[in-house]
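Asks: In case you want the letters, here they are:
Number of protein chains: 2
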Amino acid sequence: MQAEIITIGDEILIGQIVDTNSAWMSKELNAIGISVNRITSISDTKDAIVSSIEEAISRVDLVLMTGGLGPTNDDITKKTLSDYFACELVQDEGLYAKIEERLARYKIGMNAFNREQALVPEGARIIPNDFGTAPCMWFSRDNKHVISMPGVPFEMKNIMQSRLLPILSEEFDCPYVLHQTVMVQGLGESVLAEILQDWEAKLPSVVKLAYLPSPGVVRLRMSLLGDDESELKAIVENQLKGLKAILGERIFAFDDEKIEQVIANLLLDKKKTVSTAESCTGGNMAHMLTSMAGSSAYFKGSVVAYSNEVKASVLGVNTNSLEEFGAVSQQVVEQMATGACKAIGTDYAIATSGIAGPDGGTEEKPVGTVWIAIATADKVISEKFVFSKERGRNIRMASLAGFNMLRKMILNVEKMMG
Amino acid sequence: MQAEIITIGDEILIGQIVDTNSAWMSKELNAIGISVNRITSISDTKDAIVSSIEEAISRVDLVLMTGGLGPTNDDITKKTLSDYFACELVQDEGLYAKIEERLARYKIGMNAFNREQALVPEGARIIPNDFGTAPCMWFSRDNKHVISMPGVPFEMKNIMQSRLLPILSEEFDCPYVLHQTVMVQGLGESVLAEILQDWEAKLPSVVKLAYLPSPGVVRLRMSLLGDDESELKAIVENQLKGLKAILGERIFAFDDEKIEQVIANLLLDKKKTVSTAESCTGGNMAHMLTSMAGSSAYFKGSVVAYSNEVKASVLGVNTNSLEEFGAVSQQVVEQMATGACKAIGTDYAIATSGIAGPDGGTEEKPVGTVWIAIATADKVISEKFVFSKERGRNIRMASLAGFNMLRKMILNVEKMMG
Chain A
1 MQAEIITIGD EILIGQIVDT NSAWMSKELN AIGISVNRIT SISDTKDAIV SSIEEAISRV
61 DLVLMTGGLG PTNDDITKKT LSDYFACELV QDEGLYAKIE ERLARYKIGM NAFNREQALV
121 PEGARIIPND FGTAPCMWFS RDNKHVISMP GVPFEMKNIM QSRLLPILSE EFDCPYVLHQ
181 TVMVQGLGES VLAEILQDWE AKLPSVVKLA YLPSPGVVRL RMSLLGDDES ELKAIVENQL
241 KGLKAILGER IFAFDDEKIE QVIANLLLDK KKTVSTAESC TGGNMAHMLT SMAGSSAYFK
301 GSVVAYSNEV KASVLGVNTN SLEEFGAVSQ QVVEQMATGA CKAIGTDYAI ATSGIAGPDG
361 GTEEKPVGTV WIAIATADKV ISEKFVFSKE RGRNIRMASL AGFNMLRKMI LNVEKMMG
Chain B
1 MQAEIITIGD EILIGQIVDT NSAWMSKELN AIGISVNRIT SISDTKDAIV SSIEEAISRV
61 DLVLMTGGLG PTNDDITKKT LSDYFACELV QDEGLYAKIE ERLARYKIGM NAFNREQALV
121 PEGARIIPND FGTAPCMWFS RDNKHVISMP GVPFEMKNIM QSRLLPILSE EFDCPYVLHQ
181 TVMVQGLGES VLAEILQDWE AKLPSVVKLA YLPSPGVVRL RMSLLGDDES ELKAIVENQL
241 KGLKAILGER IFAFDDEKIE QVIANLLLDK KKTVSTAESC TGGNMAHMLT SMAGSSAYFK
301 GSVVAYSNEV KASVLGVNTN SLEEFGAVSQ QVVEQMATGA CKAIGTDYAI ATSGIAGPDG
361 GTEEKPVGTV WIAIATADKV ISEKFVFSKE RGRNIRMASL AGFNMLRKMI LNVEKMMG
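Which chain is which? The protein sequence lines are A and B, in order.
Residue numbering for the first sequence is 1 to 418, as defined by the working numbering.
Residue numbering for the second sequence is 1 to 418, as defined by the working numbering.
Honestly, I wouldn't trust all of these hints.
Same chains, same names: a pair is fine if it fits in one copy or spans any two.
[Stated by the list, open to error] Below, computed lysine-lysine pairings styled on DSBU-like, alpha-carbon distance capped at 30 Å:
| id | residue 1 | residue 2 |
| --- | --- | --- |
| 1 | K241 | K107 |
| 2 | K157 | K270 |
| 3 | K389 | K107 |
| 4 | K258 | K389 |
| 5 | K98 | K365 |
| 6 | K107 | K202 |
| 7 | K107 | K144 |
| 8 | K46 | K144 |
| 9 | K202 | K384 |
| 10 | K27 | K272 |
| 11 | K271 | K202 |
| 12 | K244 | K107 |
| 13 | K365 | K379 |
| 14 | K271 | K258 |
| 15 | K241 | K144 |
| 16 | K365 | K272 |
| 17 | K270 | K46 |
| 18 | K258 | K107 |
| 19 | K408 | K365 |
| 20 | K365 | K157 |
| 21 | K157 | K258 |
| 22 | K384 | K408 |
| 23 | K27 | K79 |
| 24 | K408 | K241 |
| 25 | K79 | K202 |
FYI, nobody ran anything at the bench for these hints, they're computed from the structure.
These figures come from a predicted structure and were not determined experimentally.
Please model the entire structure based on the sequences and the hints provided.
Replies: The structure is reproduced here in structure tokens:
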């Protein structure tokens, strides 16, 4: 079963709001086996509405629309659809009473706009809206279905979840859909594609593979569509085995999970704590960790040591090391990590020191050079990276690389302890 | 001038990502006088790409596309467009060298995928991508223009801002558009709208006003479209005077400028330095400050004191105060600020202590309660805020409120000194 989504509203076309309805609807529709093959955002005009519907029903049997159902003059979806499907607008007594009651709560009387809201297209299927005055309207002709919903996200979501999705799932013949995401850290998209070339070539045709890159992380997504759930699951399991064998610990999660969440779960599970000593990441690692609710259970604090004086005075980095090797060096970053472990009193500490850019690079240490260290009470490891020329990207990639080093260290410590 | 936007990618259609590119592009295009009359999101298939282009160029002369330009097999936009416009793919030596150089930095050799990336359609206009390997391609036929850009947001934004928008603005006949943004801190959208009610009612009809709220900040945007630049400018100047009289120091900038940039300019101008001592903001203030290039000139470091032990040991907060008043108190936050000034050695320090949520609230100190202090060597001020119930929002609003307190303090110190 294929569908299209049409969202109506000038505010989308001037970029004043981001259309988040479509993504939400797509995800929900995919989950019940209805795939979305096109999303169109159009303006509040009769021409745009009619032409987009005609195009959509020429391609698919099901069209879901949101928007343009408000009480003001710029909202013309109901009138346009009723004309298009040759339905007369008639008063819905139940809806009229409901609107009257809602208005009474705000001590407002019925006016022409509200009376208009109580009209519904005769012959269309009307699905109630528990949180607003504009109901969902389902028009059908020649096995083509056009369903119009209000654009207010929580009204639309409520209509879909509590009423529409169950009906669609029951009345249409939908296949089973399975998505499996694999989160990979530390490999660029093209390098990853090369590594996976042979594996990818042998993928069963039912598996659709997508690479979804963001700085420092590539999300690999396998999507399968079929009738036999257990068969699809078996195929995915098998392919996951192959991926694990190739990528090993480059994979940090099998859900669409952030690495800071993976770190959080590991630390909570092992009852360990972490701190950070940040130079080039400038507090971003602390920010990422503390963005998650409940982080005080495993995160104690950070020292953002942007100047050399703070590296020395708060973290206890040797001033000779700073002079001899420079702030961006293995010696200094290791002392920063060890210093943070002690000063903040945690089991693990992550330290970063690098040249985020755009200035400050040298021949020997170009912009993007970052040293990262992980310390425990009795051990410290470190690694040098060269990321990009772009400041924001370097900060983000260094943060992710630091978390990934910590993840591997925690897992290895676990392994060594049997 | 009218345009359409087409975004390509199955990840949009399965709802894995929200298409934020379109809204950003629409806003930028509107700003140079190009209106967007349709946005279409389609899948990575040849049929979908070709049919959506054909439909779009039947309605408008300019089509901007993003996505499907990666090096992997699922990305087919370049091949499809080149076939459609009958352009042969030829190697671009400059691009080849650039890709080789990029790869060399990561110590990676050229592979088949990367070599493919160096191919460009002969006859199309190629606009460089400074942050990635997929350039922007501009195809033209019979005065219809189709421009394809990578879907990675920061690559697309850079291409548009630094190269494409200036070209579009110059080569197409666009009306003069004037936008004036006013950045307002510390007032919710509805309260601001109420305060500005009378001023808004008297606005000349040529001025289109938009409220663009984000947590802690409302961007007010006046947009004027016309032929006479100086006339539009005079109207805006006049309205700005009115706004300043009403909002005073609630306005922190007149460009679309971030508050951390405003702080940076002030500190650089006065040759002063700042540090932060963060509890509930968890490093976000340090992160925001260090996101800006050149921040080491005025930012020395931070202590993220998430646990009480760190507040005491690193910032020197009195343990009796912690016990008597709790971590979220005027006493503690003032000691944190004073402690950071000393420990990090800066002219100013901002400290935050609050309950970000979702847990940890009490009757007396509900989730969203935040104490913020600003200290200098001989002075400390503090203020209590109650923000929202949402963690991310509280972190962001507390950070902005702290910066705004610092901004006002620097301006007042300046005023007192004559």
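Asks: Each hint needs a verdict: does it hold in this structure or not?
Replies: Okay, the hints, checked on the actual structure:
1. Proximity of K241 to K107 under the C-alpha cut-off of 30 Å is restricted to the inter-copy arrangement: shortest distance 28 Å between copies versus 57 Å within a copy.
2. For the identical chains of this complex, K157 and K270 are neighbours neither inside a copy (33 Å) nor across copies (42 Å), given an alpha-carbon limit of 30 Å.
3. In this assembly of identical chains, K389 and K107 lie within 30 Å of each other by CA distance solely across copies; the values are 16 Å between and 47 Å within a copy.
4. Proximity of K258 and K389 under a CA criterion of 30 Å is satisfied in both settings, with 24 Å inside one chain copy and 22 Å between copies.
5. For a Cα distance limit of 30 Å, the shortest separation of K98 from K365 across copies, 20 Å, qualifies, whereas the shortest one inside one copy, 56 Å, does not.
6. Proximity of K107 and K202 under a CA criterion of 30 Å is satisfied inter-copy only: 28 Å between copies versus 63 Å inside one chain copy.
7. Within a single copy, K107 and K144 get their C-alpha atoms no closer than 42 Å, and across copies no closer than 55 Å, so neither meets the 30 Å cut-off.
8. In this assembly of identical chains, the alpha carbons of K46 and K144 lie at most 30 Å apart whether taken from the same copy (20 Å) or from different copies (25 Å).
9. With identical chains, the CA atoms of K202 and K384 are never at most 30 Å apart, being 35 Å at best within one copy and 61 Å at best between copies.
10. Neither within a single protomer nor between protomers do K27 and K272 lie at most 30 Å apart by alpha-carbon distance, with minima of 36 Å and 46 Å respectively.
11. For a Cα distance limit of 30 Å, the shortest separation of K271 from K202 qualifies neither inside one copy, at 42 Å, nor across copies, at 62 Å.
12. Within a single copy, K244 and K107 get their C-alpha atoms only as close as 55 Å, which misses the 30 Å cut-off; across copies the closest is 24 Å, which meets it.
13. In the homo-oligomer, the alpha carbons of K365 and K379 lie at most 30 Å apart inside one protomer (26 Å), although the nearest pairing across protomers, at 41 Å, exceeds that limit.
14. Taking the shortest Cα distances, K271 and K258 sit within 30 Å of each other inside one copy (20 Å), while across copies they are farther apart (39 Å).
15. Taking CA atoms no more than 30 Å apart as the test, K241 paired with K144 passes in neither setting, with 42 Å inside one copy and 49 Å between copies.
16. Proximity of K365 and K272 under a CA criterion of 30 Å is satisfied inter-copy only: 29 Å between copies versus 34 Å inside one chain copy.
17. For a Cα distance limit of 30 Å, the shortest separation of K270 from K46 qualifies neither inside one copy, at 58 Å, nor across copies, at 50 Å.
18. When the C-alpha separation of K258 and K107 is checked against a cutoff of 30 Å, the pair qualifies only between copies, where the shortest distance is 27 Å, while the shortest distance within a copy is 37 Å.
19. Taking the closest pair of Cα atoms, K408 and K365 come within 30 Å of each other only inside a single copy of the chain (26 Å); across copies the shortest separation is 39 Å, beyond that limit.
20. Only between protomers do K365 and K157 lie at most 30 Å apart by alpha-carbon distance; the minimum there is 28 Å, versus 42 Å within a single protomer.
21. With identical chains, the CA atoms of K157 and K258 are at most 30 Å apart both within one copy (18 Å) and between copies (24 Å).
22. When the C-alpha separation of K384 and K408 is checked against a cutoff of 30 Å, the pair qualifies only within one copy, where the shortest distance is 16 Å, while the shortest distance between copies is 42 Å.
23. In this homomeric assembly, K27 and K79 come within 30 Å of each other (Cα to Cα) both inside a single copy, at 29 Å, and across copies, at 29 Å.
24. Taking identical chains as interchangeable, the C-alpha atoms of K408 and K241 lie at most 30 Å apart only when both belong to the same chain, with a minimum of 20 Å there against 58 Å between chains.
25. With identical chains, the CA atoms of K79 and K202 are at most 30 Å apart between copies only, with a shortest distance of 23 Å across copies and 53 Å within one.
Of the numbered hints given earlier, the model fails hints 2, 7, 9, 10, 11, 15, 17; all others are met.
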